[in-house]
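Novice: Working from the sequences, and respecting the hints, build out all of it.
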Amino acid sequence: VLTDNCKELLKKARQVCRLSPDQQLPKEFQTAFQALPNTLEEIDAFLNEETTRASCFTGLSASVVEEYNKQTQEIQQLTEYLEEKKNELDNYRQNISQVKERWLNPLKKLIEQINEKFSRFFSSMQCVGEVDLHVENELDRG
1 VLTDNCKELL
11 KKARQVCRLS
21 PDQQLPKEFQ
31 TAFQALPNTL
41 EEIDAFLNEE
51 TTRASCFTGL
61 SASVVEEYNK
71 QTQEIQQLTE
81 YLEEKKNELD
91 NYRQNISQVK
101 ERWLNPLKKL
111 IEQINEKFSR
121 FFSSMQCVGE
131 VDLHVENELD
141 RG
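When the count follows my numbering, it moves up by one through the sequence shown with no breaks and lands on 142 for the last residue.
No wet-lab data here; the hints were simulated from the structure. The structure presented is a predicted model; accordingly, all values stated were derived computationally and were not measured. Don't be surprised by glycine CBs; every beta carbon is placed ideally from N, CA and C.
DEER-style ranges, computed between Cβ atoms:
(1) T3 / F33: 11 to 21 angstroms
(2) K108 / Q73: 47 to 57 angstroms
(3) Y92 / V135: 13 to 23 angstroms
(4) L133 / Q73: 49 to 59 angstroms
With a cut-off of at most 25 angstroms between alpha-carbon atoms, the simulated BS3-like pairs for lysine-lysine come out as follows:
(5) K27 / K11
(6) K85 / K70
(7) K27 / K7
(8) K85 / K100
(9) K100 / K86
(10) K27 / K12
Specialist: Here you go:
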């Protein structure tokens, strides 16, 4: 009798899930069922535990849940906004670096030429002189 009852329940379950009698259960169902208890006693204990856990939440007011959901959504939005701004900052830094490279290298060559002439001039007066360009790294400042 129990076997017939189980077969009938299996048939109904297959109809609800729209599975043909020879079709296997989808992997996600198989995985979900593997995580569940195997014996009737274990299933009863599991149901009692989940019922007890659910009853703990009955005292929550709807406003608390609503506030939690709002806060969670706001955190998600702020996280996305922060990620967007980080990407923008990286793009700005990359653009600055490219632009800086275009003018800094020619400027360094010009400073080298000025330094050579300045040093020669000072050595003709038996002195030492030097012209140098101090380049500060923007990342060190910020």
